[in-house]
Amino acid sequence: MKTKLKIAPAYLIMMIVLVVDQITKLLVRTNIELYHSVPVLANLFGDTFLLTHVNNTGAAFSLGFSSDVVNRVFFIATTCIAMIFIVYLLYQSTHRIQVVAFGLVMGGALGNLIDRILLGGVTDFINVDFPDFIMHRFPIFNVADSCIFIAVCLLIIDLFFIKDAPAAKSEIPAREQIPQDMYSKEI
Numbered sequence: 629m630k631t632k633l634k635i636a637p638a639y640l641i642m643m644i645v646l647v648v649d650q651i652t653k654l655l656v657r658t659n660i661e662l663y664h665s666v667p668v669l670a671n672l673f674g675d676t677f678l679l680t681h682v683n684n685t686g687a688a689f690s691l692g693f694s695s696d697v698v699n700r701v702f703f704i705a706t707t708c709i710a711m712i713f714i715v716y717l718l719y720q721s722t723h724r725i726q727v728v729a730f731g732l733v734m735g736g737a738l739g740n741l742i743d744r745i746l747l748g749g750v751t752d753f754i755n756v757d758f759p760d761f762i763m764h765r766f767p768i769f770n771v772a773d774s775c776i777f778i779a780v781c782l783l784i785i786d787l788f789f790i791k792d793a794p795a796a797k798s799e800i801p802a803r804e805q806i807p808q809d810m811y812s813k814e815i
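Under the numbering used here, the first residue of the sequence shown is numbered 629, with each subsequent residue one higher.
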């Protein structure tokens, strides 16, 4: 008999991600002017790590349509549909790593959804400089984006490295099982 996997931790993770995401975005919106940057440990890292307040009306890497209104409606609708699918997948989870990943995705998606609904775009602020072999600077992101990325990595690990346990086999092979009527015979 298969035991049901506990999914409550996914909702706890979702709430933690959502609270941390919204608090960090609120701190950025109240303390850093839009399109301004504040260096993090500038004496040690220079301008490698910055907190830069931007409002992203598109998707990842600011991809989207040419109209902010179309972006807002499209990404709100897409997120709502995706959340329904993610909850469905959560209830189909077979490993704890999936429960954790879906909790991270739900928290990240809801954090960005709240921004889109209330502000018209997502508050991004983590600005990191990577070596210039791919791009000058990595696109600015937030806690919700980070959690979604980590969740995708966990799901890839689950897909390629975690195997389902083989189905439990009977202790006695079928051909060697004793028929039930043998127990009722008197000796």
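The hints are simulated quantities; they were obtained by calculation from the structure and are not laboratory data. Since the structure is predicted, the reported quantities are computational estimates derived from the model, not experimental observations. One or more hints might be untrue.
[Said to hold, decoys possible] Ranges between beta-carbon positions, derived for each pair:
| id | residue 1 | residue 2 | range |
| --- | --- | --- | --- |
| 1 | L640 | S774 | 13 to 21 Å |
| 2 | R765 | T722 | 25 to 33 Å |
| 3 | H664 | F788 | 17 to 25 Å |
| 4 | H723 | S774 | 18 to 26 Å |
Even glycine gets a Cβ: it sits at the ideal position worked out from N, Cα and C.
To see whether the hints hold, each was checked on the structure:
Separated by about 18 Å at the C-beta atoms, L640 and S774 satisfy the suggested range of 13 to 21 Å. At about 39 Å, the CB distance of R765 to T722 disagrees with the hint of 25 to 33 Å. One distance hint, 17 to 25 Å for the beta-carbon pair H664 and F788, is violated here, with the actual separation near 42 Å. The given range of 18 to 26 Å is respected by H723 and S774, whose C-beta atoms sit roughly 22 Å from each other.
Violation of the numbered hints given earlier is confined to hints 2, 3; the remaining hints are satisfied by the structure.
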